[in-house]
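Trainee: Residues per chain, in single letters:
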Amino acid sequence: MAKIWTIWISSSLVLLSLMVWTSQAELKFGFPTLVTGWFLFAVLFALSLFNIRKKLTILPLANSSSWLNVHLPVGFLTVGMFWLHTGVPWPLGLYEKFLTFLFYMTILTGIFGLIIQRSFPRRLTQSGAEYIFERIPLEIVEVHTKAKDLLLTCTQETKRDTLATQFLDHLDWYFQQPRFFLDHVLGGKKGETWVHQQCSNIETVLNPQERTYLQKLLALAHIKKNIDLHFALQAVLKWWILFHLPLAAALMTLAVWHLLVVYVYFL
Amino acid sequence: MDENKFSHNRNRYDRPDFPYRCGRGVLWLKPCHQGPTLKGTCGGTTECSPYLEGDRWTCNRPLIAGGPCEEGPTPDGKCCKQHPPCVPRHNLKTYRRRLAILTVGLIFALIWISWMADQLQPNYFSFDPGPVSSSHIKLAEKDGCQICHESHQGNASNWLKAAVTPADISWKCGDCHVFKGPVSLAHNGDIKKHPQLQDTHCLMCHREHKGEGFSTRTFTSGQCNFCHKTQFKSFSSGHPQFSSDYPHIKKDSINFNHVTHLEKHFLEPKHSKKAPKSCTGCHQLTKEETMGSGKFEVICAECHKPQIISKDLVLIRLPELDKNRIDRKTILKACGIQSKDKGVSKEDEEFLSISTDTPSLTTAYLLNIQEDDPEGYSQKLQDLILSMAQDSVMPIAKLINSHSPTPIADKMLAGLNPEVIKRAACAWGLNLEYDPPAKASFGGWHADLLEVRYTPVDHEDPVALSWIKFALSVVPSGEPDEMKRKRAIAMRDQMLSIKKGVGGCAKCHVVNETVLEGGNKVPYIHWGYKESKSLSYSRYSHTSHLDVQGKGSTCETCHVLNKDAKNKPALDKPGSKDKPAPLAFTSNFHAMTRQTCMECHTQGKVRQDCQLCHLYHLEPGFRGKMLLADDVAETLLQQLTTQEPPAIN
Chain A
0 MAKIWTIWIS SSLVLLSLMV WTSQAELKFG FPTLVTGWFL FAVLFALSLF NIRKKLTILP
60 LANSSSWLNV HLPVGFLTVG MFWLHTGVPW PLGLYEKFLT FLFYMTILTG IFGLIIQRSF
120 PRRLTQSGAE YIFERIPLEI VEVHTKAKDL LLTCTQETKR DTLATQFLDH LDWYFQQPRF
180 FLDHVLGGKK GETWVHQQCS NIETVLNPQE RTYLQKLLAL AHIKKNIDLH FALQAVLKWW
240 ILFHLPLAAA LMTLAVWHLL VVYVYFL
Chain B
0 MDENKFSHNR NRYDRPDFPY RCGRGVLWLK PCHQGPTLKG TCGGTTECSP YLEGDRWTCN
60 RPLIAGGPCE EGPTPDGKCC KQHPPCVPRH NLKTYRRRLA ILTVGLIFAL IWISWMADQL
120 QPNYFSFDPG PVSSSHIKLA EKDGCQICHE SHQGNASNWL KAAVTPADIS WKCGDCHVFK
180 GPVSLAHNGD IKKHPQLQDT HCLMCHREHK GEGFSTRTFT SGQCNFCHKT QFKSFSSGHP
240 QFSSDYPHIK KDSINFNHVT HLEKHFLEPK HSKKAPKSCT GCHQLTKEET MGSGKFEVIC
300 AECHKPQIIS KDLVLIRLPE LDKNRIDRKT ILKACGIQSK DKGVSKEDEE FLSISTDTPS
360 LTTAYLLNIQ EDDPEGYSQK LQDLILSMAQ DSVMPIAKLI NSHSPTPIAD KMLAGLNPEV
420 IKRAACAWGL NLEYDPPAKA SFGGWHADLL EVRYTPVDHE DPVALSWIKF ALSVVPSGEP
480 DEMKRKRAIA MRDQMLSIKK GVGGCAKCHV VNETVLEGGN KVPYIHWGYK ESKSLSYSRY
540 SHTSHLDVQG KGSTCETCHV LNKDAKNKPA LDKPGSKDKP APLAFTSNFH AMTRQTCMEC
600 HTQGKVRQDC QLCHLYHLEP GFRGKMLLAD DVAETLLQQL TTQEPPAIN
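Chains as they are written, first to last, in numbering that gives the first Met the number 0: chain A, 0 to 266; chain B, 0 to 648.
Worth flagging that the hints you see were computed from the coordinates, not collected in a lab.
Since this is a predicted model, take the numbers as computed values, not measurements.
Be aware that a few hints might be false.
To be verified - Here are the simulated BS3-like pairs of lysine-lysine, each with C-alpha atoms no more than 30 Å apart in a straight line: (1) A/K96 <-> B/K141; (2) B/K228 <-> A/K189; (3) A/K188 <-> B/K29; (4) B/K4 <-> A/K96; (5) A/K237 <-> B/K273; (6) B/K228 <-> A/K27; (7) A/K53 <-> B/K92; (8) A/K53 <-> A/K145; (9) A/K145 <-> B/K4; (10) B/K209 <-> A/K27; (11) A/K147 <-> B/K29; (12) B/K38 <-> A/K54; (13) B/K228 <-> A/K188; (14) B/K92 <-> A/K237; (15) B/K304 <-> A/K237; (16) A/K54 <-> A/K237; (17) B/K137 <-> A/K96; (18) A/K54 <-> B/K92; (19) A/K147 <-> B/K80; (20) B/K29 <-> A/K189; (21) A/K237 <-> B/K4; (22) A/K53 <-> B/K4; (23) A/K27 <-> B/K171; (24) B/K273 <-> B/K498; (25) A/K27 <-> B/K604; (26) A/K96 <-> B/K171; (27) B/K38 <-> A/K53; (28) A/K27 <-> B/K232.
Said to hold, decoys possible - Anything over 12 Å on all C-beta distances counts as not near chain B; from chain A, calculated: (29) I8; (30) L58; (31) D182; (32) L205; (33) Y212; (34) I240; (35) H257.
As the list claims (entries may be wrong) - A few chain A residues that don't get close to chain B, going by computed Cβ distances all over 12 Å: (36) K2; (37) W20; (38) S65; (39) I115; (40) R121.
All residues carry an ideal CB built from backbone N, CA and C; glycine is no exception.
So here's chain B without its partners, still in its complex pose (with noise of 0.2 Å):
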C-alpha cells in the first residue's frame, strides 16, 4: 500500500458533513479537488482562483490539483482551465434526513386523511383498533363507537380533552345489561369481600376489539384464588366436597317420588305395561342444561287421571237438623209440588231428619255455623235450602261472592245446572233424599241424594281449581271471629288434602308456605312444573354428559337412587302425620359427590378450571330499551336461539 496516499498533498480535506457532492464523482467521472459550494453550485468551473500579486495574477492551483499551471491566469485575472459545471448532488446524510421527515409528514398526512375519511363516513373510526365482537357489532354499526366511547362525540378540541379527563367505559355497559345484584359487585352479589379488595368493573374481565368471537379476556383458574379464601390447585385436586344435597338442594314444584315409582309401581304387573323403560321415558333434554319432564297428560294420564277424577267436592250436604223450619206451603209453591203428590209426607207428620251427617266443610264455612250443632245451623241451612228451592244457585251464587272481594262464583259454579239443585233443595227442603234420573258418569256437578257435588273432568279442571284457589285466599290473618277463621282453614285443608281434596292435586302438586305481610304463613301450591334450574354461578350441560360413558350408558351413573329416602309429602289434614312440612324436602336420589365428577375431570383427561362450571355473573340479562331496538333485539334472538353458546375461555 502506498504509505503516501493519505499525505495532504496527494488528498484534499474531506468534508463528510458537507451537503453536497461533487456532480463528476457522481457520474465516475474525476472529482474536481474544490468540490461543490455551500449552495450546492458547482464549484470546479476553474481550476483556481489566481491572486494579484504585484500587478502579476499568480496561479495558485494546490499541489493536489497538480500545482500552479504552465500557462497561468489571464491577463484580466481568470484561470485559464475553464471546465463546464457540473450537478453537485446531495450527500447521503442530506437523503437521509429527507427521508425521515418525508416518513413522518406521511405518517401526519395519513391520520389526517383518515381523520377526514372518518367525518365522512358516520359510525366509522380509521383508529379502531379491531373488530368489536360480534355480540355488540350490530350495536356498533348503528350507534358508532359513542355508545361505549363518549369521547369519540364532538370536535376535536374535546377530544383532546378527552385524553386528559379519566373515561370510564365501564358504566356504559349498564345502559344494556342488568344482573340480579348490583353490577360493581364481586359476582354481582352481597359477598363479604376482603377489605383489601378493589371494587369490580366490567373492563376488568371484558375485552373489546379483539375480534368477532372474543369479549371476555383468557381466565385461568389462579384468577379465581386472588379473591377466593378457600384456594385450590383444581378440581381434582383441593376443591372441596359438593354438599351434602348437591344437586338437590331446592324441593322440586311437583312431588314425585322416584322410589316407590320405579322400585314398587312400575314393576307391579298392572302398571308395569304403562311404565317408561328408562329415565328418558319421561325425561327429556329441553334445554342445553336440563332433562325437564314430560306433560301430564303423556306421561302421568295414564295412571293419575282416574284418582283425579275420583275425588270430589262436596259443596252441600244435607246434614241432620233438629226439626222442619221450612214452611210447608212456600216450599211445595216454590216447587210446583201438590200436598197430596205421592211421596210429600204429611204437614202434621212427625217431624224425623232424613240425614244424620254433618254440613260439608264448604257449606260450614259459607254459613258460618258450628257442623256438629245442628240446632245452631238448622235455621241458616233451612233457609238456604228454601231459597235454593226458589231461586236455584243463585243463592249460593250470592254466599260465595259476599266471601270474595271480587265476584268470582261464575268460575267456582260453571257448569252447575240450575234444574238439579232447584230439584234437590226442593227435594231436602220436603225431607226427602234427591233421586238422580242417572248416574253423573262424565264428572261435573251433579247432585246424588243428599248432596251437591263437583266431580273433576280432567287435570287442570278449572272449577276445581277456582274452589281451591278460593279456599287458599280466605283465611284472613285478621279475622276477629276465631271460629269462621277455624272454618275456614278446615275448608282449606280439605281441599289441599291428597284424599278428600278436589282431585287430590297436592298429592303431586307441592304446597309451600308463603310469607305474607306480618309473618303469617299461607300455603302456596306450585301449579306448574318448574324445570330445575342450576345453583347460582353454577351450571351442568346435560347434553354434553349424555351417552358419556358409551353410547346407551344410563342416568344413574350419577344419580343414584336412595331406596331408603323418605318422601311423603302430602297433607292430609293440620296435625296429621303425612302433614308435609312445606320447606322440608328429601330427594330419591343420593347426593352427587365430586368423586364421580372427579372420574373424568381431572388431570391428564377433561377440562378441570373453574370456569366450566361456575358462572361469574348472577343472572345476566338485557335492558328492555335494548330488546325494543328491532335489529338488535332479532340480532339477539337469533344468537340465542341458534347459536352455541361461547367457548369459556
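For reference, chain A alone in the conformation it holds in the complex (with noise of 0.2 Å):
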C-alpha cells in the first residue's frame, strides 16, 4: 500500500513541478506547450506499453500489478499534463477537438475499468462461488441438465406434471442462458425475485412431495443466479478493455499525427 502511495505522490508532484514550470516560462515568453506536449505524449506512450507488457510475459518486467500500479497514478497524471498543455478543457480545431474526444474517452474508459476492477472482484468472492468465465457455458448447461433431471425425477415419482409443466413453460427460459445481465452488473436482485415469483406462484397447488422437489429446483436456480451473476461480472471486466484498448490506440496515433503537424507547421 505504501508503494502505491509514493507512487500517487510522485505523479502529483511530477504535475505540480510541471505547472510551477509552466507558470514560469509563460513569464518568460517561453513555449511551454512544446515540453508539456512532449511529456505527455511520452507519458502516453509509457502508459500503452502496459498492454505490449501483458503479451510479452516472458520477459522479466514486472508483474502486471505493478505496472496497473503505476498505470493509474500515470493516467491521472496525463489528465491534469492535458489540461497544462492545452490550455483549455475543450479546443477550437475539428482535428484538435477529436483528437480530446480520444483522449476524454480513453480517460473515462479507464476510469472505468479501475471502478470496476476495484469493486467487481470483492462482489464475486461475496458470492460464495467460484467460475471460470471461459467455462461458464458448460456449467449453465450442467444445472441446466441437472434441473431438467430433477424435474423427470420429480414426474416419474410423484406422478404428477405440475412442477415439469411450469418448468417448461416459465423456469426452462431462465435455466437456458445467462439472464438479467445489466441488473447483476449494477448490483440488483431482479433475477431471484423473478424465479421466487415464478415459484410462489405455484408452491400452493403443489403436494409436500412435489414441494421438496421445488425446494432442490430453488437451490439449483441459486447456483444459476452465481453463475449469472459471475458471468456479468466477468463479462464487464473483460469488455471494457474492448472500448479502452482501440480508444488508447486511436489516441496514440492522432498524437502522432499531431505531433507531425505542429513541427511542419509551427516549430
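Reassemble the complex: the two chains are provided individually, in unrelated frames, and hints are given to aid placement.
Mentor: Right, here's the structure in full:
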C-alpha cells in the first residue's frame, strides 16, 4: 500500500512541478506547450506499454499488478498534463476536438475500468461461488441438465406434471442461458425475485412431495443466479478493455499525427 | 463447493489464448471437449479419434467426455458418435486486437480522406487547430494557410521535409505589420537590454488559432517584471511616480494660456457672455483617447478675429528722402499729370521730404538698404517709386521674385490693385502724401498717405500666410552679406512679432526651432492644431474617464490649474524679454500624480495591471501593399472605424 501511495504522491509532485515550470515559462514568454506536449506524449506512450507488457509475459518486466499500480496514477497525471498542455478543456479545431474526444473517452473508459476492477472482484468473492469465465457455458448446461433431470424424477415419482409444466412454461427460459445481465452488473436482485415469484405462484398447488423437488429446484436456481452474476461481472471486466484499448490506440495514432502537424507548421 | 470440480478428469485443459471458442458454447449448448481447431473449424464432429490396437480399433474418448464408449469405433476406424459441426467463434482477445487495428486504420483513413479533401478545397485545411483571429481571417480565406505557413505549399515530400526544417513564422508577420522601430527588438525600440535577455519575436506574445476574438496570449503584470529593472507588484504598490510635467511634457501647437483666460478674460464683463461655460465649451472628445479643441471660427474668432485684422503688413513706406532724385518730367509723364495741375509743386522749389519716417523692414530687405541712412537708400527707393509710377505692381513683383528660387509674388501680392500702387507712387514721386478715396474698411491691400499696407481679412489669410512663409525662408545661413542677413532676420522677427507682425499669428501659433543641416536653427511655426498624443507605449482613454466620478464631474478632478505658471510665449523682437524660448514650455496645469489615479486604480477597485495603460509596440502600422488589397483594406477600415478596440488581456 505504501508503494502505491508513493507512486500517487510522485505523480502529483511531477504534475505540480510541471505546473510551476509552465507558469515560470509563461512569465518568460517561452513555449511551455512544446515541453508539456512532448511530456504528455511520452507518458501516454509509457501507459500504452502496459498492454505490450501483458503480451510479453516471458520478459522480466515486473508483474502486471505493479504495472497497473503505476498505470492508474500516471493515467490521472495525464489529465492534468493534458489541460496544462491545451490550456482549455475543449479546443476549437476540428481535429483537435477529435483528439480531445479520444483522450477524454480513453480516460473515461480507464476510470470505468478502475472502478470495476476495484469493486467487481469483491462482489464475486462475496457470492461464495467460483466460476471460470470460459467455462460458464458448460456450467449453465450442467445446471440446466440437472434441473431437467430433477423434474423428470419428480414427474416419475409423484406421477404429477404440475412442476414440470411450470418449468417448461417459465423456468426453462431462466436456465437456458445467462439472464438479467444488467441487473447483475448493477447489483440488483431481479433474477432471484423473478424465480421466487414463479415458484411461489405454483407452490400452493403442489403436494408435499412436489414441494421437496421445488426446494431442490430453487437450490439449482440459486446456483444459476451465481453463475449469471459471475458471467455478468466477468464479462464487463473483460469487455471494457474492448473500448479502452482501441480508443487508446486511436489516441496514440492521432497524437503522432498531431506532433507531425505541429513540427511541419509551427516549429 | 465441489472440491473435485477442477479435477483433470472432469475438466479439459483451457486455452484462453486459443483464437477460437466452441460454437456450441456460444449458443449456450454443451461445448465439446475437443474444441475448435487452430484453423477455426469444428473439432467436435466426433467424440474421439479411434486408434488401431493390434487389429482392432479402440475408442479413446477422454474421461471428461465419459471415457471409452460402449459401442466403440466403426469397423473402418471411425468414431461412432458423430455430431453436426458447429461454427467456432473468435475469442475476446481476437476481437480486441481486430478492433484496435480497425480504429487505427480508421484514423489513418480519416487523415487520408481529409488530406485528399483539402486538395479539392483551396485555402482550407482540415487539421487547422482552430479559427484564426478576426483580424487575419480574411487574409487566411484569401491567400490560404501559406500566408503564414510556408510549409503548407508544395507536395507531400516537401510537407514532410518541413517537419525537420525549422519554421520561423514570426518573420512573416513583417510582410504586413510595421513599427516605428525594429520588429525584433523589445518594444520596437532602441532599449538597452540585459545581455541575458533573449531576442523578441512575434510568437512570444501573439497566438493564433485560438478563436476569432483572440490573438494575444494572456498577459500578467509579472511578465513585465521579467525584463524591466524597476520591478513592482502593481500600479498602487510600487509604480514609479509620474514625471514632474506629466502629461504636459510636450509643447502644444497652439499657445493658449488657460490661467489668464479662465481667471481673467472670461471673468471680464465684456467677455463673459462669449466665454464658454465649462471645459467642454472648447474641448470635445475627438477620438477614444483625446479631447480635442474646437475650430478657431467656433471657439476663438469672436474675441480674437478683431486682433488678427488689426495687424497690418507694411509693404512700402515712403521714408525721409535727402533730395529729389526723380526726373520730374518723367514722373509727370508716367502719371499723366500736367506741371500746372493743382497740388504739383514747382520744379525750382527747395526739396523738403514730406516723410520723416524710415523705410519699412520689408522694403529695406527687398531693396537691401540701410533703413537709417537716407543718403544711402534714397536713390534705390526713388527708383522703385518711379518704376511703380510707370509699371505699377510689376517692379515689386520682380523684386520679390528675385529673392525667391521660385516665383511667389502672385500669392504674396494677390488682390493688390495696380491703380492704387500707381497713384500712390505718383503722389510720392511728387513728394506728396497719397490721399485714398475711401478708408479700406474690409481689409486687403490698400495705400494710405505714406504706406502701402495689407490688412488680413480673416484667420488663415492666404496673403499674410505667404508673407510669413517668405520671411521664414529668406534667412540664408550662408549669406555672405552680413547686413543683408541682418535685414532678413529683422523682417522675419517683425513678421513673427505678436504686436507688429501681420495678423499677429505668433500670438497663438507656436514657434519652434528646427535644426537644419550644418546645425543652423531656423524658426518653424506650427500652423495646424495638433491634438495631444499619448506618450509612446502609453494610452489613456478620456471616454472611460468622463463622468467617472458621477454625472457632470469636471475635468478639474485631474487637470488642476496652476495659477502660478508663467506662460508667455510671445515673440516680440530678438532679445526682448517676451521672446519665446522655442522649446521651453511650462504648462498651465499642475502635473498629474499617481495618487490621483490611485483613487480608483487600486487593489479591490479598478484594474491596475500594466497593460491597462501601457502598450508594447511602438506606433504599429501596416504596409501599403497590404492596404492595397481591396477587401482586406475594407475589412480593416471597418474594424478601425466601427469596432470597439479589443479588450486588453
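Trainee: Tell me the numbers of any earlier hints that the structure contravenes, in ascending order.
Mentor: The structure conflicts with hints 2, 4, 5, 8, 13, 15, 34 and 35, although it agrees with all the remaining ones.
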